[in-house]
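Next come the chains, spelled out residue by residue.
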Amino acid sequence: MAAEKRVVFRSAWLPWALLAPQAAVIAVFFYWPAAQTVLQSMQQSDAFGTSVEWIGLQNFANLWDDPTYLASFSTTAIFSILVAGFGITLSLLLAVFADRVVRGTTFYRTLLIWPYAVAPAVAGVLWLFMFSPSIGVVAYALRMVGFEWNHLLNGTQAMALIVMAAVWKQLSYNFLFFVAGLQSIPKSLIEAAAIDGAGPWRRFWTIQFPLLSPTTFFLLVINVVFAFFDTFGIVDAATSGGPGKDTSILVYKVYYDGFKALDLGGSAAQSVVLMVLVVTLTVLQFRFVEKKVNY
Amino acid sequence: MVERRPALGLLAHAVLILGVVVVALPIYITFVASTHTAEEIVQVPMPMLPGGHGLDNYTTALLGGGPGAGSTAAVGRMMFVSLVTALVITFGKIAISLLSAFAIVYFRFRFRMFFFWAIFVTLMLPVEVRILPTYKVVADLGMLNSFTGLTVPLIASATATFLFRQFFLTVPDELVEAARVDGAGPMRFFIDVLVPLSATSIAALFVIQFIYGWNQYLWPLLVTTQESMYPVVIGIKRMIAGGDSQNQWNLVMATAMLAMIPPALVVILMQKWFVKGLVDTEK
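The listed protein sequences derive, respectively, from chains H and Y.
Under numbering that gives the first Met the number 0, think of the first position of the first sequence as 0, with each following residue one higher.
Under numbering that gives the first Met the number 0, think of the first position of the second sequence as 0, with each following residue one higher.
Quick caveat, the hints were computed from the structure, so don't treat them as lab data.
For every residue, glycine included, the Cβ atom is placed at its ideal position computed from N, Cα and C.
One or more of the hints may lead you astray.
Stated by the list, open to error - In silico SDA-like cross-links for lysine to any residue, where the CA-CA straight-line distance does not exceed 20 Å:
id, chain 1, residue 1, chain 2, residue 2
1, H, Lys-186, H, Tyr-172
2, Y, Lys-271, H, Leu-175
3, H, Lys-4, Y, Pro-171
4, H, Lys-244, H, Phe-258
5, H, Lys-4, Y, Lys-275
6, Y, Lys-135, H, Asp-65
7, Y, Lys-271, H, Tyr-172
8, Y, Lys-275, H, Lys-244
9, Y, Lys-271, H, Thr-105
10, H, Lys-4, Y, Tyr-134
Said to hold, decoys possible - Here are the computed distance ranges between Cβ atoms for each label pair:
id, chain 1, residue 1, chain 2, residue 2, range
11, Y, Pro-44, H, Ala-193, 47 to 57 Å
12, H, Ala-26, Y, Leu-196, 28 to 38 Å
13, H, Ala-140, Y, Asp-139, 46 to 56 Å
14, H, Ala-140, Y, Thr-36, 54 to 64 Å
15, H, Trp-53, Y, Arg-179, 52 to 62 Å
16, H, Asn-153, Y, Pro-195, 52 to 62 Å
17, Y, Pro-46, H, Val-282, 49 to 59 Å
18, Y, Leu-174, H, Gly-198, 35 to 45 Å
19, Y, Thr-36, H, Ala-70, 36 to 46 Å
20, H, Val-275, Y, Arg-4, 24 to 34 Å
21, Y, Leu-196, H, Trp-15, 42 to 52 Å
22, Y, Leu-86, H, Phe-208, 53 to 63 Å
23, H, Asn-153, Y, Leu-24, 19 to 29 Å
24, H, Ala-70, Y, Leu-174, 57 to 67 Å
Work the whole structure out from these sequences, hints included.
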């Protein structure tokens with residue numbers, strides 16, 4: 000595909016007019032605030048914005064010395080590893096079996112994809128309701144088998160709750176990509192292996208799984224991005240970062256410190272750290288795209 | 000299917016059915032809870048079959064004013080706010096991205112690639128990383144608690160611009176030449192040739208962006224403080240205020256069902272474009 004058109008239109012003003020709306024939106028609502036964030040991360044101001052002091056990298060040094068921030072980092076790391084791990088494993092399992100069935104593929108697909116449409120915050124509310132220690136159905140069932148569930152007191156259980164809600168929400172997305180990935184593996188490869196006497200189990204590990212590795216890697220990045228940035232609604236609705244700070248992931252902490260605790264400089268410094276993370280993840284994601292083209 | 004293994008086929012169906020059941024369970028429980036009275040739900044364990052108060056609950060939720068410790072605003076109004084927000088974001092994104100991609104692909108001008116990259120880099124600046132200053136801009140512009148504030152800051156789209164650019168590059172040059180011969184100017188060509196050709200991409204983006212717009216949470220949480228401007232996703236969260244016994248879970252669950260129906264319908268009815276949209280926007 001050519002990166003340039005050979006035949007183009009000529010006009011001195013039209014392209015500028017066409018670009019104007021998008022350029023205005025990104026300038027006012029993306030670049031200006033992003034620049035402000037970087038500036039604020041090097042300033043210290045009181046909650047009313049009356050005094051502003053230039054303090055260089057002090058906010059970042061404070062973050063580094065702040066045990067709650069480091070704890071939030073490890074909370075986020077654990078959360079995203081669990082979400083990506085469980086999400087990818089379960090959806091791969093479902094996709095492999097969906098690839099096997101001859102009849103009913105569309106039926107299963109339809110029933111498996113729609114959680115994509117559920118808002119993260121709504122997903123959080125649904126899982127909260129099922130696992131509510133006093134009235135939740137699942138909490139009740141767990142109690143019947145002798146397992147005491149109370150995510151309001153137990154940080155590990157609160158983490159389990161948001162992981163389940165996030166995996167449930169992201170399952171459909173992973174599933175669709177794995178189904179597409181499996182369909183793109185040539186049937187002749189599988190048939191040749193079958194003739195050579197390789198059973199389904201062996202074929203999966205020696206052919207399908209290795210050939211799916213680009214998809215798996217891509218989904219790994221996407222799931223980590225999802226766990227980092229798109230799960231704010233789940234956390235806010237299901238646990239509000241609690242108990243204590245046990246489920247306070249980075250994005251939740253930025254919001255809390257900025258809007259509830261009104262620590263502008265600290266919140267801005269956290270935003271800058273997040274910005275660096277997004278850039279890293281996006282670059283990783285595009286590295287993958289280049290690889291896929293050559294593949 | 001490579002070989003006949005009835006046992007494995009059976010296992011495949013069993014696993015898939017189990018998957019479907021687990022995925023559907025939260026929705027089933029939500030639906031059941033939305034058809035009982037609040038008193039019936041707080042009994043442990045709550046009933047597992049639908050009850051007879053569905054109509055009452057949905058009417059109360061939609062019209063508002065029901066009992067409850069949290070917000071009791073009318074969900075009907077919230078659904079309207081969500082719908083307008085989602086549609087403005089969707090069509091706004093599609094429209095300004097079509098225009099930008101058209102400018103970048105079909106014209107030569109200074110800073111062309113600069114604009115392309117400037118739009119592209121916004122992909123790396125989600126709301127979460129610039130939350131306070133963006134809020135401040137919107138507040139300074141007097142856009143809090145308005146549809147403009149809910150939608151315009153989210154309308155830029157790197158993915159849509161990129162997708163349309165990729166698509167425009169595949170459109171044969173002969174079409175431009177033919178349009179020129181027929182005396183059509185750039186805008187005529189854009190409206191009569193390029194936009195109709197992009198119909199599939201537009202449909203695919205519609206599904207993805209509609210869901211994106213409808214499910215927004217963090218941004219509306221910041222810019223709306225009046226009940227009349229809550230989208231339904233925020234409304235649900237505001238309804239949960241007290242402990243488990245004070246919440247009107249029947250109404251919360253009815254609202255959750257209402258909040259899920261429009262995007263779920265879009266995904267299911269436009270399944271073909273949804274899958275295409277997902278695959279295309281992530282490339």
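Hints, verified against the model:
1. A threshold of 20 Å between alpha carbons decides the hint, and for H/Lys-186 with H/Tyr-172 the separation of about 24 Å lies outside it, so the pair is violated.
2. Distance restraint check for Y/Lys-271 and H/Leu-175: the Cα-Cα separation of roughly 12 Å lies within the 20 Å cut-off, and the hinted pair is therefore satisfied.
3. At roughly 9 Å between alpha-carbon atoms, H/Lys-4 and Y/Pro-171 fall within 20 Å of each other, so this suggested pair holds.
4. Taking the CA atoms of H/Lys-244 and H/Phe-258, the gap is near 16 Å; set against the 20 Å cutoff, the hint holds.
5. Taking the CA atoms of H/Lys-4 and Y/Lys-275, the gap is near 25 Å; set against the 20 Å cutoff, the hint is violated.
6. At most 20 Å may separate the alpha-carbon atoms for a hinted pair to count; Y/Lys-135 and H/Asp-65 exceed this at roughly 27 Å.
7. Between Y/Lys-271 and H/Tyr-172 the CA atoms are separated by roughly 14 Å; this keeps the pair inside 20 Å, and the hint holds.
8. Using a Cα cut-off of 20 Å, the hinted pair Y/Lys-275 and H/Lys-244 is violated, with the two alpha carbons roughly 40 Å apart.
9. Proposed proximity of Y/Lys-271 and H/Thr-105 is supported: the alpha carbons are some 11 Å apart, at most 20 Å.
10. Proposed proximity of H/Lys-4 and Y/Tyr-134 is contradicted: the alpha carbons are some 40 Å apart, above 20 Å.
11. Our hint of 47 to 57 Å for Y/Pro-44 and H/Ala-193 holds, since their Cβ atoms are close to 49 Å apart.
12. In this structure, H/Ala-26 and Y/Leu-196 meet the distance hint of 28 to 38 Å, their C-beta atoms being roughly 30 Å apart.
13. One distance hint, 46 to 56 Å for the beta-carbon pair H/Ala-140 and Y/Asp-139, holds here, with the actual separation near 51 Å.
14. For H/Ala-140 paired with Y/Thr-36, a C-beta distance near 22 Å fails the hint of 54 to 64 Å.
15. For the pair H/Trp-53 and Y/Arg-179, the supplied restraint of 52 to 62 Å holds, since their beta-carbon distance comes to about 57 Å.
16. Between H/Asn-153 and Y/Pro-195 the C-beta distance comes to about 58 Å, which sits within the given range of 52 to 62 Å.
17. A hinted range of 49 to 59 Å holds for the C-beta pair Y/Pro-46 and H/Val-282, which are about 52 Å apart.
18. Separated by about 52 Å at the C-beta atoms, Y/Leu-174 and H/Gly-198 break the suggested range of 35 to 45 Å.
19. The hinted window of 36 to 46 Å between Y/Thr-36 and H/Ala-70 holds, with their beta carbons roughly 42 Å apart.
20. The hinted range of 24 to 34 Å is not satisfied by H/Val-275 and Y/Arg-4, whose Cβ atoms lie roughly 50 Å apart.
21. In this structure, Y/Leu-196 and H/Trp-15 break the distance hint of 42 to 52 Å, their C-beta atoms being roughly 24 Å apart.
22. At roughly 42 Å, the beta carbons of Y/Leu-86 and H/Phe-208 sit outside the given window of 53 to 63 Å.
23. Between H/Asn-153 and Y/Leu-24 the Cβ separation comes to about 22 Å, which falls inside the hinted range of 19 to 29 Å.
24. Hint check: H/Ala-70 to Y/Leu-174, Cβ distance near 58 Å, so the stated range 57 to 67 Å holds.
Violated hints for the displayed structure, listed by number in ascending order: 1, 5, 6, 8, 10, 14, 18, 20, 21 and 22.
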